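Peer 1: Here are the chains, one letter per residue:
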Amino acid sequence: MILTNIESVPGMRITAHMGLVSGSTVRAKHAGKDIMAGVKNFFGGEIKGYTELMNESRKEATQRMIDLATKMGANAIINVRYATSAITVGASEVYAYGTAVKVENIQPRVQG
Amino acid sequence: MDLLIVILSLVICFITGNRIEKNHYKNIKEREIKLYKSPCVTFEKNVSNSPKIIQSDLVAESVVIGCDYFKSFLAGLKNLFGGNVSAYESVLDRGRREALLRIREAAVKKHASAVINVKIDTVMLDPIGTKGHPKVCITAYGTAIRYGR
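The listed protein sequences derive, respectively, from chains A and B. Read in our numbering, the first sequence has 109 at position 108, and its numbers run on one by one without any break. Read in our numbering, the second sequence has 26 at position 23, and its numbers run on one by one without any break.
Rather than coming from a laboratory, the hints here were simulated on the basis of the structure. All values reported here derive from a predicted model rather than from experimental measurement. Hints are not guaranteed to be accurate.
Unchecked claim - Just so you have them, the derived chain B footprint on chain A, three or more residues with Cβ under 8 Å:
# : stretch
1 : 19–26
2 : 78–84
3 : 87–100
To be verified - To give an idea of the chain A side of the interface with chain B (calculated C-beta under 10 Å), a few residues:
# : residue
4 : Phe44
5 : Tyr51
6 : Thr52
Beta carbons are placed, not taken as given, at the ideal position from N, Cα and C, and that holds for glycine.
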């Protein structure tokens, strides 16, 4: 599966358009991590536990989007966007969406 | 007694917060100098008249960064009088630069020549109405491309 956030896949031609695909996930860390994050937040700096949480959520949402696109028979997703929203303290939603398309290689053109 | 605890934690957070910020800025600057040449990050999408691109892939990285107790206290005071809340500005600046550095480092691992159409998304992680010191989640993502020979 090829993912891009531009309107095309460089070096390939779009042959079919399958429509919008999206995937979302709401994840939380266990209470121990939340307490540690609270302590870390008090003293300042990056909160590694939550960074990890956001990276996991993003991967999960992307995977769900890819699964949907695979079911549709697409082999690439273009124009991928991510949106994050906070639901409660310690849990947040990541939403990934894009356009599922079918692409094929174009013959490399001779430059000049 | 309560006042004493507040003052003590303000002093502690002032020291730790400043130290963490200083170290973080030092770290960011070192990595920015190291990545000075490759790969470049642009916000444009148009790559049609560029040399042949042999690989393209999405890179995305998140950073969650928080304001310490002293900073949120300072910001609360500043809010009364208005003006630039510089305590928060530096936190956001650090977060964005860190997120950009991370996608560039991820792109280097994929042997990419450039990251195009970079988007930066900033979200407050504390829903409105909850207490606590603000934390922000900054996500940077873009398409890493590699030029063929």
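Peer 1: Taking the hints in turn, state whether each one holds.
Peer 2: Here is how each hint holds up against the structure:
| no. | hint | verdict |
| --- | --- | --- |
| 1 | 19–26 | violated (count 0) |
| 2 | 78–84 | holds (count 4) |
| 3 | 87–100 | holds (count 5) |
| 4 | Phe44 | holds (4 Å) |
| 5 | Tyr51 | holds (4 Å) |
| 6 | Thr52 | holds (5 Å) |
Checked against the numbered hints listed earlier, the structure breaks hint 1 alone; every other hint is satisfied.
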